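> What follows is the residue order along each chain.
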Amino acid sequence: MLELKNITRIVGAETHIDNVSLRLERGTLNVLLGPTLSGKTSLMRLMAGLDKPTSGSITFDGTDVTGVPPQKRDVAMVFQQFINYPTMTVYENIASPMRVAGASRQAIDAAVQRAAALMKLTPYLERMPLNLSGGQQQRCALARAIVKNAGLVLLDEPLANLDYKLREELRAELPRIFAEAGTIFVYATTEPSEALLLAGNTATLSQGRVTQFGPTIEVFRRPDDLITAQTFSDPPLNTIAMHKAAGQFRLEGGVAFPAPAALGEVPDGHYTIGFQPHHLGLARTSPEALALQTRVTAMEITGSESFVHLGFADASWVMLTPGVQEFAVGQQLEVFLDPRLLLVFDSHGRAVTAPGRLAA
Amino acid sequence: MERTLNNKAWFLVLPVLVLVAFSAIIPLMTVVNYSVQDTFGNNQFFWAGLDWFEDVLGSDRFWNALGRNLIFSAIILAIEVPLGIYIALNMPKKGWGVPVCLVLMALPLLIPWNVVGTIWQVFGRVDIGLLGRTLTALGIDYNYVQDPLDAWVTIIVMDVWHWTSLVVLLCYAGLVSIPDAYYQAAKIDGASRWSVFRFIQLPKMGRVLLIAVLLRFMDSFMIYTEPFVVTGGGPGNETTFLSIDLVKMAIGQFDVGPAAAMSLVYFLIVLSLSWVFYTVMTNQGQETGK
Numbered sequence: 001m002l003e004l005k006n007i008t009r010i011v012g013a014e015t016h017i018d019n020v021s022l023r024l025e026r027g028t029l030n031v032l033l034g035p036t037l038s039g040k041t042s043l044m045r046l047m048a049g050l051d052k053p054t055s056g057s058i059t060f061d062g063t064d065v066t067g068v069p070p071q072k073r074d075v076a077m078v079f080q081q082f083i084n085y086p087t088m089t090v091y092e093n094i095a096s097p098m099r100v101a102g103a104s105r106q107a108i109d110a111a112v113q114r115a116a117a118l119m120k121l122t123p124y125l126e127r128m129p130l131n132l133s134g135g136q137q138q139r140c141a142l143a144r145a146i147v148k149n150a151g152l153v154l155l156d157e158p159l160a161n162l163d164y165k166l167r168e169e170l171r172a173e174l175p176r177i178f179a180e181a182g183t184i185f186v187y188a189t190t191e192p193s194e195a196l197l198l199a200g201n202t203a204t205l206s207q208g209r210v211t212q213f214g215p216t217i218e219v220f221r222r223p224d225d226l227i228t229a230q231t232f233s234d235p236p237l238n239t240i241a242m243h244k245a246a247g248q249f250r251l252e253g254g255v256a257f258p259a260p261a262a263l264g265e266v267p268d269g270h271y272t273i274g275f276q277p278h279h280l281g282l283a284r285t286s287p288e289a290l291a292l293q294t295r296v297t298a299m300e301i302t303g304s305e306s307f308v309h310l311g312f313a314d315a316s317w318v319m320l321t322p323g324v325q326e327f328a329v330g331q332q333l334e335v336f337l338d339p340r341l342l343l344v345f346d347s348h349g350r351a352v353t354a355p356g357r358l359a360a
Numbered sequence: 361m362e363r364t365l366n367n368k369a370w371f372l373v374l375p376v377l378v379l380v381a382f383s384a385i386i387p388l389m390t391v392v393n394y395s396v397q398d399t400f401g402n403n404q405f406f407w408a409g410l411d412w413f414e415d416v417l418g419s420d421r422f423w424n425a426l427g428r429n430l431i432f433s434a435i436i437l438a439i440e441v442p443l444g445i446y447i448a449l450n451m452p453k454k455g456w457g458v459p460v461c462l463v464l465m466a467l468p469l470l471i472p473w474n475v476v477g478t479i480w481q482v483f484g485r486v487d488i489g490l491l492g493r494t495l496t497a498l499g500i501d502y503n504y505v506q507d508p509l510d511a512w513v514t515i516i517v518m519d520v521w522h523w524t525s526l527v528v529l530l531c532y533a534g535l536v537s538i539p540d541a542y543y544q545a546a547k548i549d550g551a552s553r554w555s556v557f558r559f560i561q562l563p564k565m566g567r568v569l570l571i572a573v574l575l576r577f578m579d580s581f582m583i584y585t586e587p588f589v590v591t592g593g594g595p596g597n598e599t600t601f602l603s604i605d606l607v608k609m610a611i612g613q614f615d616v617g618p619a620a621a622m623s624l625v626y627f628l629i630v631l632s633l634s635w636v637f638y639t640v641m642t643n644q645g646q647e648t649g650k
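As given, the protein sequences belong to chains A and B, one line each in that order.
At position 98 of the first sequence the residue is numbered 98 (the numbering used here), and the sequence of numbers has no breaks.
In the numbering used here, each number is its position in the second sequence, counted from 1, plus 360.
What the hints contain is simulated information worked out from the structure, not anything from laboratory work.
Check each hint, because a few of them may be wrong.
To be verified - Calculated pairs, DSSO-like style, for lysine-lysine (alpha carbon to alpha carbon, straight line, at most 30 Å):
1) K453(B) / K52(A)
2) K72(A) / K608(B)
3) K547(B) / K454(B)
4) K5(A) / K72(A)
5) K454(B) / K52(A)
6) K165(A) / K120(A)
7) K368(B) / K72(A)
8) K5(A) / K547(B)
9) K52(A) / K72(A)
10) K547(B) / K52(A)
11) K454(B) / K72(A)
12) K453(B) / K547(B)
To be verified - Computed list of chain B residues with no C-beta within reach of chain A, every gap over 10 Å:
13) W423
14) L437
15) D487
16) L495
17) I560
18) L562
19) F637
This one's a predicted model, so the numbers in the text were calculated from it and none came from an experiment.
Idealized CB from N, CA, C, for every residue including glycine.
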């Protein structure tokens, strides 16, 4: 078990990591999700021992490892860039962590062959890394991490520099490999969809703070606050200001409707409402659904889905809808939203309630 | 249609051709012209065939100078390349130290060659030079004008002072282009300082190092100005390199024919040695997957 207690790292005048506490269990896959510069890499560097925390402590399996250099820790790391030793063959690259550890020839060969088979590198073992494709280079780096058989494996956006197709392929393989190993895996990504595909646990990061940590689906469906919901939504979460009074929700822009049953207890006042792009629809799916008069501002069509950018009062929303939809920019469009799916955040951005808690 | 386009392209290449013709081909052909003829002045030339080449290649004077050149280049490479790498490895990678170091390193490169020669000529003099007088005061018998070893040491130290910076700057450029993640990966792997150098820094510097070695080899093999200013090729002929000998022959003795033959041989040696260096080093690079 890796435990971070009140970790803070300050470099110069900048706070890179702000009072983070996390407990990561053995045999789990943990995703660090957050935009660029949210502190994912900084946190990983602290976990690896590449940096020392300004304050706080890190324990690994009950031993305090704060300030212990990485070579004395039981850790492996894979980076966004494809990092391999350029003058060694793929075989020697994969073998290198075991050579440093002084393993026997047979043990090394067995481990390398196994990792190479897992990473589909067997035909390329005698090649030089730079003569491989990007995906193969990164698989070589991943194989090195696997061979090390470390208690903690850190993957820092390992698929970010790969092309779309390869990314899909490797992303499908990774959870399977992780499941076999029984170590603590930490995987940093900027993409919410990647976190959902990998499942496991997710910690959402924003400006150096962990905003929420828990099972990935839980965090996605029941964000504790607005920042977490925004971090975990791609395309971005739709939001709008709302005022509650006399059992009515009144949206900025004038639409008023009775508060959904589960939100009836919420005290009167000002709130922010959030909902996912796919919660907006072109058809009324339930009798309670709100009809909203919006204006089309832009269209993006991927083929299987359409992203319709909408303007409603002063808010800009995105509607994610299946199939190819053709709307003219500027046209009026009536869209529907089920009020039971709304996330409601108070003026501090804390979730008042979320649909998961209402058995949605 | 395509034909006219192709013809037009020649106009774009023409300025370069003209420039190369005037800067390289015409002077080279003039030398070739001199090398196969004899002249007694008065612009009268007589066909001499390969006589001058036979003369040059059969003379001890040529082979001795060539030997001195090879020894000098070997010493220069053996000192400047490792020293340059060592300094580059120890230069700061960020902060205010970077511009300071870079400027300090670039300084010797900015000084005109004959000025470098003059600086060291004065610096090393036993009567008024700071270095010469200090060494003499310390009881060390140093006199580059009389002692061949002292002359060689002076020229080598001067060249190291003048040109190591070039190797440093090239290696430094190679080093700073290595992403930080490589060092972190090596740290996590538990690689030693030597392994980091051997398996990350050296291979990643390979290409610029090749350029550094080539440049330093060619320049040191063609050295003229500095030893000419400091020792004038002496004492005796101890520091007479091919270039110095060539100038003595062509301008001092006005033996234009042999001098032309010699410069062609000299040119071919530099060309072929550079080609060998380049081929060997790039092949090695490919073998190791660079």
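> Now tell me if each hint is right for this structure.
A quick look at each hint next to the structure:
1. Between K453(B) and K52(A) the CA atoms are separated by roughly 20 Å; this keeps the pair inside 30 Å, and the hint holds.
2. Under the criterion of a C-alpha separation no larger than 30 Å, the hint pairing K72(A) with K608(B) is inconsistent with the structure, at around 66 Å.
3. Pair hint K547(B) plus K454(B) holds up; C-alpha atoms about 19 Å apart against a cutoff of 30 Å.
4. Simply put, K5(A) and K72(A) have alpha-carbon atoms about 20 Å apart, close enough for the 30 Å limit, and the pair holds.
5. Straight-line distance between C-alpha atoms of K454(B) and K52(A) comes to about 20 Å, which keeps the hinted pair within the 30 Å bound.
6. In summary, the hint linking K165(A) to K120(A) is supported, as the alpha carbons are separated by about 16 Å, within the 30 Å threshold.
7. This hinted pair does not check out: K368(B) and K72(A) have alpha carbons roughly 67 Å apart, beyond 30 Å.
8. Restraint check for K5(A) and K547(B): satisfied, since their Cα atoms lie roughly 24 Å apart, inside the 30 Å limit.
9. Proximity of K52(A) to K72(A) is assessed by CA-CA distance (about 14 Å); at most 30 Å being required, the pair is judged to hold.
10. For the given pair, K547(B) sits about 14 Å from K52(A) by alpha-carbon distance, which is consistent with the 30 Å threshold.
11. Proposed proximity of K454(B) and K72(A) is supported: the alpha carbons are some 27 Å apart, at most 30 Å.
12. Distance hint between K453(B) and K547(B) is fulfilled; the C-alpha atoms sit about 17 Å from each other, no more than 30 Å.
13. With a least beta-carbon separation of about 39 Å from chain A, W423(B) lies farther than 10 Å from that chain, consistent with its non-interface assignment.
14. Even its closest Cβ contact with chain A, about 22 Å, leaves L437(B) beyond 10 Å, as expected for a residue assigned away from the interface.
15. No beta-carbon of chain A is positioned within 10 Å of the beta-carbon of D487(B); the least distance is around 53 Å.
16. Distance to chain A confirms L495(B) as a non-interface residue, since its nearest Cβ pair spans about 44 Å, more than 10 Å.
17. Residue placement check: I560(B) does not keep its beta carbon more than 10 Å from all beta carbons of chain A (closest about 7 Å).
18. For L562(B), the condition that its CB be more than 10 Å from all CB atoms of chain A is violated, with the nearest at approximately 8 Å.
19. The Cβ of F637(B) lies farther than 10 Å from every Cβ of chain A, with a closest approach of about 20 Å, so its non-interface assignment holds.
Checked against the numbered hints listed earlier, the structure breaks hints 2, 7, 17, 18; every other hint is satisfied.
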